[in-house]
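Chemist: Chains as they are written, first to last, in this note's numbering: chain A, 1 to 255; chain B, 1 to 255; chain C, 1 to 255.
Hints in this document: simulated from the structure, not taken from any laboratory.
Some clues are possibly wrong.
Note: identical chains are not told apart, hence a pair may lie in one copy or across any two.
Straight-line alpha carbon distances no greater than 27 Å define the calculated DSSO-like cross-link-like pairs of lysine-lysine that follow [stated by the list, open to error]:
no.	residue 1	residue 2
1	K241	K14
2	K164	K216
3	K250	K217
4	K159	K14
5	K119	K204
6	K216	K159
7	K156	K244
8	K159	K207
9	K216	K156
10	K85	K204
11	K159	K85
12	K207	K156
13	K156	K252
14	K241	K207
15	K216	K241
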Amino acid sequence: MRSLIAVLSDYGLKDHYAGTVCGVIKEVAPDAEVINITHQIRPFDVVDGALKLKWAYRYFPVGTIFLCLVDPDPTAVPVIVSTEKYFLVCPNNGIGSLMFEEEPPEAVYRITADHYFVKGKGNFRGRNQLAPIAAELSRLQSAHHLGEEIELSQLKRFKLPAPKPLGNGAFECIVLDVDHFGNLITNFEFNGALPRAAEINGVKVEKSADSFAGFKKGELFISVNPENHIQIVAYMASAAKLLKAGRGAKVKLYF
Amino acid sequence: MRSLIAVLSDYGLKDHYAGTVCGVIKEVAPDAEVINITHQIRPFDVVDGALKLKWAYRYFPVGTIFLCLVDPDPTAVPVIVSTEKYFLVCPNNGIGSLMFEEEPPEAVYRITADHYFVKGKGNFRGRNQLAPIAAELSRLQSAHHLGEEIELSQLKRFKLPAPKPLGNGAFECIVLDVDHFGNLITNFEFNGALPRAAEINGVKVEKSADSFAGFKKGELFISVNPENHIQIVAYMASAAKLLKAGRGAKVKLYF
Amino acid sequence: MRSLIAVLSDYGLKDHYAGTVCGVIKEVAPDAEVINITHQIRPFDVVDGALKLKWAYRYFPVGTIFLCLVDPDPTAVPVIVSTEKYFLVCPNNGIGSLMFEEEPPEAVYRITADHYFVKGKGNFRGRNQLAPIAAELSRLQSAHHLGEEIELSQLKRFKLPAPKPLGNGAFECIVLDVDHFGNLITNFEFNGALPRAAEINGVKVEKSADSFAGFKKGELFISVNPENHIQIVAYMASAAKLLKAGRGAKVKLYF
Numbered sequence: 001m002r003s004l005i006a007v008l009s010d011y012g013l014k015d016h017y018a019g020t021v022c023g024v025i026k027e028v029a030p031d032a033e034v035i036n037i038t039h040q041i042r043p044f045d046v047v048d049g050a051l052k053l054k055w056a057y058r059y060f061p062v063g064t065i066f067l068c069l070v071d072p073d074p075t076a077v078p079v080i081v082s083t084e085k086y087f088l089v090c091p092n093n094g095i096g097s098l099m100f101e102e103e104p105p106e107a108v109y110r111i112t113a114d115h116y117f118v119k120g121k122g123n124f125r126g127r128n129q130l131a132p133i134a135a136e137l138s139r140l141q142s143a144h145h146l147g148e149e150i151e152l153s154q155l156k157r158f159k160l161p162a163p164k165p166l167g168n169g170a171f172e173c174i175v176l177d178v179d180h181f182g183n184l185i186t187n188f189e190f191n192g193a194l195p196r197a198a199e200i201n202g203v204k205v206e207k208s209a210d211s212f213a214g215f216k217k218g219e220l221f222i223s224v225n226p227e228n229h230i231q232i233v234a235y236m237a238s239a240a241k242l243l244k245a246g247r248g249a250k251v252k253l254y255f
Numbered sequence: 001m002r003s004l005i006a007v008l009s010d011y012g013l014k015d016h017y018a019g020t021v022c023g024v025i026k027e028v029a030p031d032a033e034v035i036n037i038t039h040q041i042r043p044f045d046v047v048d049g050a051l052k053l054k055w056a057y058r059y060f061p062v063g064t065i066f067l068c069l070v071d072p073d074p075t076a077v078p079v080i081v082s083t084e085k086y087f088l089v090c091p092n093n094g095i096g097s098l099m100f101e102e103e104p105p106e107a108v109y110r111i112t113a114d115h116y117f118v119k120g121k122g123n124f125r126g127r128n129q130l131a132p133i134a135a136e137l138s139r140l141q142s143a144h145h146l147g148e149e150i151e152l153s154q155l156k157r158f159k160l161p162a163p164k165p166l167g168n169g170a171f172e173c174i175v176l177d178v179d180h181f182g183n184l185i186t187n188f189e190f191n192g193a194l195p196r197a198a199e200i201n202g203v204k205v206e207k208s209a210d211s212f213a214g215f216k217k218g219e220l221f222i223s224v225n226p227e228n229h230i231q232i233v234a235y236m237a238s239a240a241k242l243l244k245a246g247r248g249a250k251v252k253l254y255f
Numbered sequence: 001m002r003s004l005i006a007v008l009s010d011y012g013l014k015d016h017y018a019g020t021v022c023g024v025i026k027e028v029a030p031d032a033e034v035i036n037i038t039h040q041i042r043p044f045d046v047v048d049g050a051l052k053l054k055w056a057y058r059y060f061p062v063g064t065i066f067l068c069l070v071d072p073d074p075t076a077v078p079v080i081v082s083t084e085k086y087f088l089v090c091p092n093n094g095i096g097s098l099m100f101e102e103e104p105p106e107a108v109y110r111i112t113a114d115h116y117f118v119k120g121k122g123n124f125r126g127r128n129q130l131a132p133i134a135a136e137l138s139r140l141q142s143a144h145h146l147g148e149e150i151e152l153s154q155l156k157r158f159k160l161p162a163p164k165p166l167g168n169g170a171f172e173c174i175v176l177d178v179d180h181f182g183n184l185i186t187n188f189e190f191n192g193a194l195p196r197a198a199e200i201n202g203v204k205v206e207k208s209a210d211s212f213a214g215f216k217k218g219e220l221f222i223s224v225n226p227e228n229h230i231q232i233v234a235y236m237a238s239a240a241k242l243l244k245a246g247r248g249a250k251v252k253l254y255f
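Please build the complete structure, drawing on both the sequences and the hints.
Modeler: Right under this line is the structure:
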């Protein structure tokens, strides 16, 4: 089986950056296969990267190497993290935090094997340092020769804000993400019961459904997103546009 | 030869959705190769998906599996369609209609092999149901063990509106699509003769050419698009912007 | 090792164009691997394509075939260019010019093997002519049977404007490109010393740094881009937006 390297970045698609990451990998590991999760993480936004990684990782085969290239903080050292099933190659900036809640880190290595780095011009450690290391890792299937093990406690981690209980089955939540369809994805994880109502920007949404059947175009309702979060949807339309709401907006959910 | 799965969706590229479809496929069929036709079909727009599929399929090798993920209607059951040269995996919502005019369906199977579905969280049958079935199909090269054969007549199909003859060699047509370059692609299929003029939004275009040579930047002319449709082009510019016209706009063509 | 074909085009991602280029390649050369450098070169913009190719090529393995599909001039004949390490397949419109300054052309072949062309409908020689030739080239690893050698002097080439010395260590430069992050990349190649100041649209930028550490969000500074050009950056923000400057803007650099 060919080794998989799944890439997540904020590099966008208009430049040559994402393409050259792939070139660097193929130079080192011609048999590795590169899959692009997305290159449109919000620029410099580690939280957005952490969310998309959490929502994506479980759909990849055991052994996949996640190369996470969102890097606002140049003081965050490059690391390899191994979990039971996967590897991460990333700056130590917290980007694995949300994935690790479900798939805990087992070991962390500060990358030291700088002889593998691309002697490219300029600065661009995502491509010049992390990409060739991910490619070497796909060949070696072990981080031992690529870095120095550090304490798990040195791995930077953060948590998302939890929904705030308001009493009487009501919760104050936030919009974590607006997806391509304009669905407003909240920080409330579905636990078997859908809210009976939601309130956002002064608008009350009073329908909820676990399927998209039977709605009219533009009709607002509450449902569960593909990764099990409560979301506000406008059928065949953008809830974000209809409700003029975006990431960070407050949503009240009533159960 | 590695089996090819060509994916067409309205998932966009900013989220993890398209990437995870690929992950699901590689989990089931590590040797399959995934090619992205586009993930930017207009959201929920089966007609747009059907057009792009019609325009794309012929350029893929025999045996390619087209995984078509545009799914506005949750009551459309997931099917596998086999043609002489290809397979389609899609909801039964008509997305193969325009391709089938040239490459007729030979058999249709309602997908029943739900033991192959991804036990993912939330609802997302494109990724959770159709993607793993496409991957199994790439291994089995047969739909027999994945579904139950149904009548060809149960396959949902639609037609595009035909150009309306107005007499004297004139036709009322519509703009089917505006491509990345801003070319306005009509529903008139080239049959050997270019129109001498076109009229759209009150503007008359009176040049036509089968090559782009000899035009000035921004000059409007009539030509044939890469898939043999009559189109209105602005040389090195966007005809859509210049003519303030989009999909669905009426165009008169004069032969 | 599988043969690599790296594609650079202005086809965008919303249509089926880029996907079908890949399909055409796999039909001819099932073992070739296609890497997308970018499909978002500015439409018809050979200079933008030449820049991105120059900035990308060095990160690809020896033997990579660069398929360059930016084609505003239908009178530019399709060619194969071989260099010491790579092949280019492109119209003879100058798109290799900037790469060739570092990786000189060794031979040029006018493509004549039209029996390999796709007998597709309509006109689209990027996909119908250049793509299948690139795929054949990946199998043959030689251009001899695909074209007729022509003089190196017939290869169309251009140069970028050089920074203009103004005396006292000052240079008038231009912005070559605005990348996905909004960084303003100038035509001044870093030669070991960073400018102490830059002036653009009446704004003076008076910090320079070879790392992104220690800046505040939105703070402007001068640095070196990943391909060794002097650039103006706004930390975790878009310098292009902040300075209301784009490609072609004049920048004064003071050393």
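Chemist: Against which earlier hints does the structure fall short, listed by number upward?
Modeler: 2, 5, 7, 8, 10, 12, 13
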